[in-house]
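Asks: Spelled out from the first residue to the last, the chains are:
Protein chains: 2
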Amino acid sequence: MTAQGLPMVVPSEDLPPRVRIHEVGARDGLQNEQRTVPTEVKAEFIRRLAAAGLSTIEATSFVHPKWVPQLADAEELFPIVSELPVALPVLVPNERGLDRALALGVRRIAVFASATESFARANLNRTVDEALSMFEPVVRRAKDHKVHVRGYLSMCFGDPWEGPVPIHQVVRVSKALMDMGCDELSLGDTIGVATPGHVLDLLSELNEERVPTSAIGVHFHDTYGQALANTLAALQHGVTTVDASAGGLGGCPYAKSATGNLATEDLVWMLQGLGIDTGVDLERLTATSVWMAAHLDRPSPSRTVRALSHKE
Amino acid sequence: MTAQGLPMVVPSEDLPPRVRIHEVGARDGLQNEQRTVPTEVKAEFIRRLAAAGLSTIEATSFVHPKWVPQLADAEELFPIVSELPVALPVLVPNERGLDRALALGVRRIAVFASATESFARANLNRTVDEALSMFEPVVRRAKDHKVHVRGYLSMCFGDPWEGPVPIHQVVRVSKALMDMGCDELSLGDTIGVATPGHVLDLLSELNEERVPTSAIGVHFHDTYGQALANTLAALQHGVTTVDASAGGLGGCPYAKSATGNLATEDLVWMLQGLGIDTGVDLERLTATSVWMAAHLDRPSPSRTVRALSHKE
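In order, the protein sequences belong to chains D and H.
Residue numbering for the first sequence follows the numbering used here, beginning at 1 and increasing consecutively.
Residue numbering for the second sequence follows the numbering used here, beginning at 1001 and increasing consecutively.
Hints in this document: simulated from the structure, not taken from any laboratory.
Note that the Cβ used here is the ideal one computed from N, Cα and C, for glycine as well.
Take the hints with a grain of salt, since some may be wrong.
Derived CB-CB ranges, DEER-like [stated by the list, open to error]:
no.	chain 1	residue 1	chain 2	residue 2	range
1	D	ASP297	H	GLU1136	41 to 47 Å
2	D	GLU13	H	GLY1163	36 to 42 Å
3	H	SER1118	D	GLU75	39 to 45 Å
4	D	PRO11	H	GLU1095	51 to 57 Å
5	D	ALA51	H	THR1213	40 to 46 Å
Facing chain D, a subset of chain H residues (Cβ under 10 Å, in silico) [said to hold, decoys possible]:
no.	residue
6	GLU1013
7	LEU1124
8	PRO1137
9	GLY1158
10	VAL1211
11	LEU1308
Could you build the full structure based on these sequences and the hints that come with them?
Replies: Pasting the structure below:
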């Protein structure tokens, strides 16, 4: 790689020394790609992500295959990768999904709630509170098995049907997930409309309601190009868990745009420049995304992947 | 436009109430596009940018046509747009260019220096100091005519040949431009490698050397997806002049990547969400970029333009 293969390191004040990247490319990314990839390619993707230094790699989903055919091979995939020395959370929508996950020895699960009624209806065919009721026994039983639980919360900033989402609404569902026993939250800007002041307001309101920053991860989408600026604001607030997708995999089906998840490479470029430790080797990660882009037969939307791979 | 046509407004503390966008699409953008557009299309582009609320629109360049054939029509273009009620700076490389500009009644010019020897050689075929010597009479004579002078400084963070650029080197050339009589500086991250801590360090060092923040504009490229995060850091430092290019026009020929200038729409989305006044109507601006993309026969790389135009 050239002289510009890495940014110059200039730390900034008051930022955390270390950030944990929650890599969602293999699950959230591939679930939203048109092309379904073979199980062995998924396993190799996860292996390469682990080899690039990612320590938390969301592996797959135990949603019914009818809803997410791209990840219908969860039972085949998980055992292939389960011995990797990284955390491998999986998505679990209900008790049936939990049973399937527990049978495979899964140690971390995630449930996915919505901050808005419209998206709860569209995604889960339930009201917000009906969905929470569905998750309650899932979380309780997971905790009984000492399984770590993440609570995803979608549409925390804007909703394609409802427009801007009131912060108190997000806080209410966040508290319900924490009270239920979730170990951490992931606040999703599912359609990518958030801006930094909005992010800071939500984080402050959550703190006031005794949801600690240490339990909060942020999940930004780059639909309007705002993901990294929002991430910077969240880091300044003290957030140390950031979701990202290798190569920017996964458009958002609800935003009708080419770009969805924040690309892990764009995030790592910024964190590396800020002297924030992530454990990630950017060169290996970029090579992994280029390799996966070839399998998906479309170029990575990550700007860093494009810039670095043009140089090689 | 839908409920998501504008972000929810949530101001953040300690940010400036108003930002002046220095729109560079018509000059820096079109100069770096492969396709040359007819003079009347350029004029209409500038008219539409003005109608969208942009108050400073860099119009063209008086560089010799041999070097920038895309803007060889400067003499024809400028008189067509000169009556618009906006500031219309033009690029001027030397005394000959200044003569041409003054003959047309230009009221604002910009000179372009380099922070690195490699880029000064590549772009101007001179050393850094030889280029400064060339600009000295240009700036002096412009000031004699009460013409406002902007000093562009390229490669302020990284250089494709030299790698990371030492901050003291950038400060030295910045001071030389200010001492020469420039009214403002534009600090360019020409290859897009900067991260927020690096930006803040450079701004602080400039302040220590008595270059006030009020005289500093920032010019970020989105090659690695960092432009908006860097802009947020600069705003937090107090910067109120931000360069951007409508629709993200203009790749950077030295970075070999698809993306160059920060897109004005992505910037406006963030500023609008932060409650920072820019005077820009995002819907009109987006429509202008969609219109220009059709003339250039390539889609806008701006994420906000893509997201908003997909909805329409």
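Asks: So, for every hint listed, does it hold in this structure?
Replies: Cross-check of the supplied hints:
Hint check: D/ASP297 to H/GLU1136, Cβ distance near 55 Å, so the stated range 41 to 47 Å is violated. The hinted range of 36 to 42 Å is not satisfied by D/GLU13 and H/GLY1163, whose Cβ atoms lie roughly 25 Å apart. Distance hint check for H/SER1118 and D/GLU75: the Cβ-Cβ separation is about 56 Å, which falls outside the suggested range of 39 to 45 Å. Between D/PRO11 and H/GLU1095 the C-beta distance comes to about 44 Å, which lies outside the given range of 51 to 57 Å.
The supplied range of 40 to 46 Å is met by D/ALA51 and H/THR1213, whose beta-carbon atoms lie about 44 Å from each other. For H/GLU1013, the shortest C-beta to C-beta distance to chain D is roughly 8 Å, which falls under 10 Å, so the interface hint holds. Interface restraint check for H/LEU1124: the shortest CB-CB distance to chain D comes to about 21 Å, outside 10 Å, so the restraint is violated. Given hint, H/PRO1137 at the interface with chain D, is violated; its Cβ is 35 Å from that chain's nearest Cβ, farther than 10 Å.
The beta carbon of H/GLY1158 comes within 6 Å of a beta carbon in chain D, closer than 10 Å, and the hint placing it at the interface holds. Residue-level restraint check for H/VAL1211 is violated (minimum Cβ-Cβ distance to chain D is 18 Å; threshold 10 Å). Residue-level restraint check for H/LEU1308 holds (minimum Cβ-Cβ distance to chain D is 8 Å; threshold 10 Å).
Of the numbered hints given earlier, the model fails hints 1, 2, 3, 4, 7, 8 and 10; all others are met.
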